[in-house]
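Top to bottom, those sequences are chains H and C.
Quick note on full-length UniProt numbering: the first sequence kicks off at 1 and runs consecutively.
Quick note on full-length UniProt numbering: the second sequence kicks off at 1 and runs consecutively.
Warning: the hint list may mix true and false statements.
DSS-like, lysine-lysine: derived pairs with alpha carbons at most 27 Å apart [unchecked claim]:
{"#": "1", "chain 1": "C", "residue 1": "K158", "chain 2": "H", "residue 2": "K22"}
{"#": "2", "chain 1": "H", "residue 1": "K88", "chain 2": "H", "residue 2": "K128"}
{"#": "3", "chain 1": "H", "residue 1": "K22", "chain 2": "C", "residue 2": "K22"}
{"#": "4", "chain 1": "C", "residue 1": "K235", "chain 2": "H", "residue 2": "K158"}
Rather than coming from a laboratory, the hints here were simulated on the basis of the structure.
All of these numbers come straight from a predicted model, not from anything done at the bench.
Number of protein chains: 2
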Amino acid sequence: MSSLPPLSLSILGVEPLDEFIKEIADFIHHMIISRPDLPGKVEVEAKIGLLRERNGGRLLLPVLVETILRPDTVDCRFESNMTAAQHKHFNTLLNNLKTSSQRGSPLDYAHLYLVDSFHASGGNEREKIRVTRDEKTDAVVEVMKKIRLGDLNIYSPKRCADWRVSVNLEVPVALPTDPATHTRRKDRMKYMHEEFSIDLTQVTSTNSNGVSSEILHELEVEISRPELLLATAAKRGDINAPENERNAFDELIRAFVNNARILVRNANDSWH
Amino acid sequence: MSSLPPLSLSILGVEPLDEFIKEIADFIHHMIISRPDLPGKVEVEAKIGLLRERNGGRLLLPVLVETILRPDTVDCRFESNMTAAQHKHFNTLLNNLKTSSQRGSPLDYAHLYLVDSFHASGGNEREKIRVTRDEKTDAVVEVMKKIRLGDLNIYSPKRCADWRVSVNLEVPVALPTDPATHTRRKDRMKYMHEEFSIDLTQVTSTNSNGVSSEILHELEVEISRPELLLATAAKRGDINAPENERNAFDELIRAFVNNARILVRNANDSWH
Numbered sequence: 001m002s003s004l005p006p007l008s009l010s011i012l013g014v015e016p017l018d019e020f021i022k023e024i025a026d027f028i029h030h031m032i033i034s035r036p037d038l039p040g041k042v043e044v045e046a047k048i049g050l051l052r053e054r055n056g057g058r059l060l061l062p063v064l065v066e067t068i069l070r071p072d073t074v075d076c077r078f079e080s081n082m083t084a085a086q087h088k089h090f091n092t093l094l095n096n097l098k099t100s101s102q103r104g105s106p107l108d109y110a111h112l113y114l115v116d117s118f119h120a121s122g123g124n125e126r127e128k129i130r131v132t133r134d135e136k137t138d139a140v141v142e143v144m145k146k147i148r149l150g151d152l153n154i155y156s157p158k159r160c161a162d163w164r165v166s167v168n169l170e171v172p173v174a175l176p177t178d179p180a181t182h183t184r185r186k187d188r189m190k191y192m193h194e195e196f197s198i199d200l201t202q203v204t205s206t207n208s209n210g211v212s213s214e215i216l217h218e219l220e221v222e223i224s225r226p227e228l229l230l231a232t233a234a235k236r237g238d239i240n241a242p243e244n245e246r247n248a249f250d251e252l253i254r255a256f257v258n259n260a261r262i263l264v265r266n267a268n269d270s271w272h
Numbered sequence: 001m002s003s004l005p006p007l008s009l010s011i012l013g014v015e016p017l018d019e020f021i022k023e024i025a026d027f028i029h030h031m032i033i034s035r036p037d038l039p040g041k042v043e044v045e046a047k048i049g050l051l052r053e054r055n056g057g058r059l060l061l062p063v064l065v066e067t068i069l070r071p072d073t074v075d076c077r078f079e080s081n082m083t084a085a086q087h088k089h090f091n092t093l094l095n096n097l098k099t100s101s102q103r104g105s106p107l108d109y110a111h112l113y114l115v116d117s118f119h120a121s122g123g124n125e126r127e128k129i130r131v132t133r134d135e136k137t138d139a140v141v142e143v144m145k146k147i148r149l150g151d152l153n154i155y156s157p158k159r160c161a162d163w164r165v166s167v168n169l170e171v172p173v174a175l176p177t178d179p180a181t182h183t184r185r186k187d188r189m190k191y192m193h194e195e196f197s198i199d200l201t202q203v204t205s206t207n208s209n210g211v212s213s214e215i216l217h218e219l220e221v222e223i224s225r226p227e228l229l230l231a232t233a234a235k236r237g238d239i240n241a242p243e244n245e246r247n248a249f250d251e252l253i254r255a256f257v258n259n260a261r262i263l264v265r266n267a268n269d270s271w272h
């Protein structure tokens, strides 16, 4: 009696479209096609952290499952941080994945030690120039201005963490001559899997007096190749493109969302 | 450049579990195993309608995609009704599906004309006895008390309609001798597909003075075989059961949710 005859996915024979993933893809696509006309890399990343109300407590909304907040309607801030114990937990999890051979594509790994210094950008206090150097060799890795295009906050009431999707434009600029207003040191474990990199970073901030003020533990998933992202975005839904090219952007975002979700669901309760 | 190499579903090689469908399945399962110990049929249905705030407007929450409301935290009511035009739209859609041969399993169809009369149940005003008769033959089809076990409201901000999952226990009782407090006539088009029935019903209510007071248009999806539902629920997650039996309950609920979603997404904007 408990044996169920094979079921169709639905009366239409298909699974209804995943509304959540489509919303994220539409958002990222809109940010890309409406971005300022400046040379630079489009960065798409998902940060794992906590949505906090102004009083500091975790955001509480009357819903039972993961959902996307409507921008500018909820008074909260996103905190991209976790405890050292949680950081260790993810480190173990990702290291296990790296050495496990049963998981399909291999994970590559790099341990990076970087120093960012921030400099005023022509009198504009908000638009800072970021210079990234290799800590050991002092070689300049990157000089750029990061322009925020948009964010979506994802509330995840069943899990120990929330997440945020951010789209930024990283515009390369000349090495600044002004002194740094502050610096931060990044001890980053970078796990690379197919088109994504997962960065587990300990960030130590230092103000202009050289006083270490804060240590943060960050976890983010990033789309590795901005040029692939833009190329797939350009072909999205193009009826003249072959089907695989037309769908490539949505496939890329689907795997991106899946990876962010898997990290969030593996957050354990030593988050706070 | 826009050609994307084949991607794994995620760093774990799998799609993360659908949190939404699991929440609905957990809820229905909990209602089933914690139900009162009375003989009767467990009814699981999804009604398509609108979540309204007390002022009558549609519920507005600061989220972008379909989500499940936490019970008893949002002051709203669910209205199981639609316009006659919307009713016609679904009728056309389901009729097309019935005659289309490309959709896998066929849809069966029945047009039912039923009359429900409601009677007091031993002094208890809230627990009414419902007698259902065939309108043409006056034959009694069913006599029962419906006990509400629980509801989940689904808010669907991208669509023209919301939905509600209800679990009830229908307990058979003796034909009452008290007069009816009110009656309603149901003109129902019943579409049957595999383990589900989709009922598109025009309900005309009449009070005890015989005055027709209200016409409602309802749409609901129901799990057709309560005995199958209970049998699969009993085996859910049972490590001693074969895998297909262990997963049958969740498969059944997945198709149930898919069907409800497909109806909601086909609601057009003549809803109000």
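Hints, one by one, checked against the model:
1. K158/C <-> K22/H: holds (12 Å)
2. K88/H <-> K128/H: violated (31 Å)
3. K22/H <-> K22/C: holds (20 Å)
4. K235/C <-> K158/H: holds (25 Å)
Comparing the model with each earlier hint shows a violation of hint 2 alone; every other hint is respected.
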